[in-house]
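A.B. asks: Here the protein sequences line up with chains A and B, keeping their order. For the first sequence, our numbering gives the first residue as 1, with consecutive numbering after it. For the second sequence, our numbering gives the first residue as 1001, with consecutive numbering after it.
Because the hints were derived from the structure by calculation, they are not lab data. These figures come from a predicted structure and were not determined experimentally. Just so it is clear, CB atoms sit at the ideal spot from N, CA and C, and this is done for glycine as well. Don't take every hint at face value.
Pulled from the structure, derived: some chain B residues nowhere near chain A, Cβ distances all over 10 Å [to be verified]:
#1 V1080
#2 G1082
#3 K1100
#4 Y1246
#5 T1260
#6 V1261
#7 V1267
#8 Q1274
#9 L1278
#10 M1306
Calculated cross-link-like contacts (lysine-lysine; reagent style DSS-like; alpha-carbon spacing at most 27 Å) [said to hold, decoys possible]:
#11 K268(A) to K1220(B)
#12 K1220(B) to K28(A)
#13 K1220(B) to K1062(B)
Pulled a few chain A residues facing chain B out of the computed Cβ check, cut under 10 Å [to be verified]:
#14 P8
#15 S16
#16 P27
#17 Q33
#18 G48
#19 R96
#20 E98
#21 A100
#22 T104
#23 I230
#24 A287
#25 V298
#26 P300
#27 V302
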Amino acid sequence: MLLKYGMPALAVVAVSLSLLSVQRMTPKVVQAQPPLPPPTAAYANQVGAVGLVEAASENIAVSLPVPGLVTRVAVKAGDAVRKGQLLFSLDDRDLRAELALRETTVALSRSKLGKLEASPRPEEIPPAQFRVDEAKALREDAKVQLRLIEAVKDSRAIKQEDLLRRRRAVESAEARLEQATANLQLLKAGTWKPDLEVARAELRQAEAQVARIQADLSRLQVTAPIDGQILQCKVRPGEFAQSGTLAQPLILMGRVDQLHIRADIDEKDAWRFHPGAKATGQVRGNASIRYPLEFVRVEPYVVPKRNLTGDSTERVDTRVLQVLFKLPAQTSLYPGQQMDLSIEAKKEGR
Amino acid sequence: MKFIAWQMLTGDKAKYLGLIFAIAFSTFLMSHQVSIFCGLMSRTASQIDDVKDAQIWVMDSKTQYVDEVKALTDQDLYRVRGVEGVEWAVPLFKGTSRAKGPDGKFRGVILMGLDDSTMVGLPRTVVLGDTRALSDPETIAIDQVGYKFFFPNEPVTLGRTIDLNDHTVRIVAVVASSAPFVNLPVFYTRYSQAIQFVGRERNQMSFVLAKPTPDISPVKLTQQIREATGLKALTSNDFGWETIWYYIKNTGIPINFGITVVIALIVGTVVAGQTFYLFTIENLKQFGALKAIGVTDLRIVGMILMQAVIVGAIGYGLGISMTAAFFEATKDNLDLRGFRLLPQIMQGTALAVFMIVFLASAVSVRRVIVLEPAVVFRG
């Protein structure tokens, strides 16, 4: 009896329990929400892109004209700088020494010229004058001696020889006077003009050399090219700074009162983009922060995609169209930050 | 008449029980083996099923299944985002790496890199710790089975470190994830961390996970993504099935299980059929008597069928409950996680069992129909 009716009863109970168990063990299919809200589509028809926040002036990687050893860094990251303000200076000891040398050359040339310009020396005039006066007196004396002998009527009373000698003495005295007068005049005339010109040219040359050294010195002082903020300062005293384009800029600066965002649009999606399109940017990490973006311009040349991980060895064979958008004035963004963009796409096409 | 049939059936207790247990064990064998097979096969799609927040997977157009991927370019993510009907799309890294425990024991691990800012794909069942701590550098969440492998017989604690491809990573959370097919430990980390751990490759993004907007069906969106980007897009369900089919086609597992199931079917049919046949033969006298008093053949067929259905139902009920009990008993065993009795298997086995009993009764019915009522009185 028990077996007869027990078996069906057992079967019923067993099946019910099995159904219960199966139902309990069947996992509930639930559509979970992402732990953090992802950036969502902002327009029905849109182009997705990644954007990099940058300064409105674009980010300027400050370079220097000559490589050299850094001796002083006058700014730090975050500083606001005016155009022309010193950023950092390079070692200038050799040029300073050279400058000192060149400056002495200028001084020397200048004093040489001064000396030439100052001649005749006033003290030299009186002796020359005296020599003229003396020559005059000697000439007068010789003339007197000649007259005395010529006054003798009787030629026998005098030696013909004496007469001749005295005549020659007068001539000689005349010549000496002329010489003394000429000497005096030469002295009074001062320096010869061409000599002065030479000296002046020498001075100018020396001065030009000083100016060149000063220009070289000023090139060792790296200054801010625009008003802006220092975004990155990767230069420290004691380091050797290379000139030219560097993978890691020495100083990165830009005008940050207005931020732009550079969107990379895949070349395959470029046809869907139209200049002037509306766009929305969503901040990574908090997709609920959305900024409306204003179209600025398209960079018309489609460039190979630069990987935003910043690793230059990575090669990606995609090319991207870069489009610049303007961010609102007040944002919680920093230059260099990435954003997910939704750009409204053309209606036509697909 | 029904009462007579019932009395005939239960009259001989040994045969009654014999019939029931033949069917019960055949049911158990079939449903159990098919369940294990389904459980094993569904493990191949574990990593797909574990992503509960995205419905669409986008991958390279030639991808065959989830474990072998060709990475997409980073830009493909933005192309998917540009497809109409995509509410959101995030990257996913799925790869393998080798991890070494503190005692030097190493193992290949499945490394899942989840989008840094949204963590889409994160398992929701956290055993210990806080998955938000994954935002710290060099951190991972590990599945509990992986934890047991690296730190056997130790209580689950946080902050332990594992060497992952020359990176020392800290465990900040222990999570429950579905068992992978090859039963490797599963590590969850951020996308950017994952690509650092595995080292440099040209492209790293394995998949793009997307969610359709409310006004479009996932299947329709997969078509749109395919058309717009040329990439392959599948719903989680389709991708899971594609992966399962890949394994079914390319491994010996289905043959192996198929043989077992077929044997269960044959043994069940033969044993139940034979027992039932013998039971009918032994009752031929009674059937003959019934025939003699004018019971129609149809009535007798009805009686035999009724007996068959009763035996089948009881046997099935006992057999299927054995299978259910097995999975109920093993549900907390981590190595058998994911194995369960599917409702479809319950239905399918029921169908198979009733096929068996009908087949068995059909053979018996023939003997009763051709029976001459006079035979009864001759002996």
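A.B. asks: Hint by hint, note whether the structure agrees.
C.D. replies: Hint by hint, here is what the structure shows:
At roughly 7 Å, the least C-beta separation between V1080(B) and chain A is not larger than 10 Å, which violates its mark as non-interface. Not every beta carbon of chain A lies more than 10 Å from that of G1082(B), the smallest distance being close to 4 Å; the non-interface claim is violated. Every CB of chain A lies more than 10 Å from the CB of K1100(B), the least distance being 26 Å, so the non-interface label holds. In this structure Y1246(B) is separated from chain A by more than 10 Å, as the shortest Cβ-Cβ distance comes to about 23 Å.
A cut-off of 10 Å between C-beta atoms confirms that T1260(B) is not in contact with chain A; the least separation is 21 Å. Even its closest Cβ contact with chain A, about 19 Å, leaves V1261(B) beyond 10 Å, as expected for a residue assigned away from the interface. The beta carbon of V1267(B) is kept farther than 10 Å from every beta carbon of chain A, the shortest such distance being approximately 21 Å. Chain A leaves Q1274(B) outside its interface by the beta-carbon criterion, the shortest separation being 20 Å against a cut-off of 10 Å.
For L1278(B), the requirement that its beta carbon stay farther than 10 Å from each beta carbon of chain A is met, with the minimum near 19 Å. No Cβ of chain A approaches the Cβ of M1306(B) within 10 Å, the least distance being about 13 Å, so the stated non-interface status holds. Among the hinted pairs, K268(A) with K1220(B) is consistent with the structure: their alpha-carbon atoms are about 22 Å apart, no more than 27 Å. Taken as a hint, the K1220(B) and K28(A) pair is honoured in the structure, with Cα atoms around 24 Å apart against an allowance of 27 Å.
With a C-alpha separation of about 20 Å, the suggested pair K1220(B) and K1062(B) falls inside the 27 Å cut-off, and the hint holds. This hint holds: P8(A) has a C-beta 6 Å from the nearest C-beta of chain B, less than the 10 Å allowed. Checking S16(A) against chain B by beta carbon gives a least distance of about 9 Å; that is within 10 Å, so the hint holds. Because the closest C-beta pair between P27(A) and chain B is about 8 Å apart, less than 10 Å, the hint holds.
A cut of 10 Å between beta carbons decides the hint on Q33(A): the least distance to chain B is about 6 Å, and the hint holds. Among the interface hints, the one on G48(A) holds; its C-beta lies about 3 Å from the nearest C-beta in chain B, closer than the 10 Å criterion. At a threshold of 10 Å, the smallest CB-CB gap from R96(A) to chain B is about 48 Å, leaving the interface hint violated. With a least beta-carbon distance of about 49 Å to chain B, the hint placing E98(A) at the interface is violated under the 10 Å criterion.
For A100(A), the shortest C-beta to C-beta distance to chain B is roughly 54 Å, which exceeds 10 Å, and the interface hint is violated. Taken as an interface hint, T104(A) does not check out: its beta carbon lies about 60 Å from the nearest beta carbon of chain B, beyond 10 Å. Contact between I230(A) and chain B, as hinted, is not supported at the beta carbon level, the nearest pair being about 27 Å apart and thus beyond 10 Å. Taken as an interface hint, A287(A) checks out: its beta carbon lies about 7 Å from the nearest beta carbon of chain B, inside 10 Å.
Nearest Cβ of chain B to the Cβ of V298(A): about 17 Å, over the 10 Å cut. The hint is violated. The interface hint given for P300(A) is broken, as the beta carbon of that residue sits about 19 Å from the closest beta carbon of chain B, more than 10 Å. With a least beta-carbon distance of about 12 Å to chain B, the hint placing V302(A) at the interface is violated under the 10 Å criterion.
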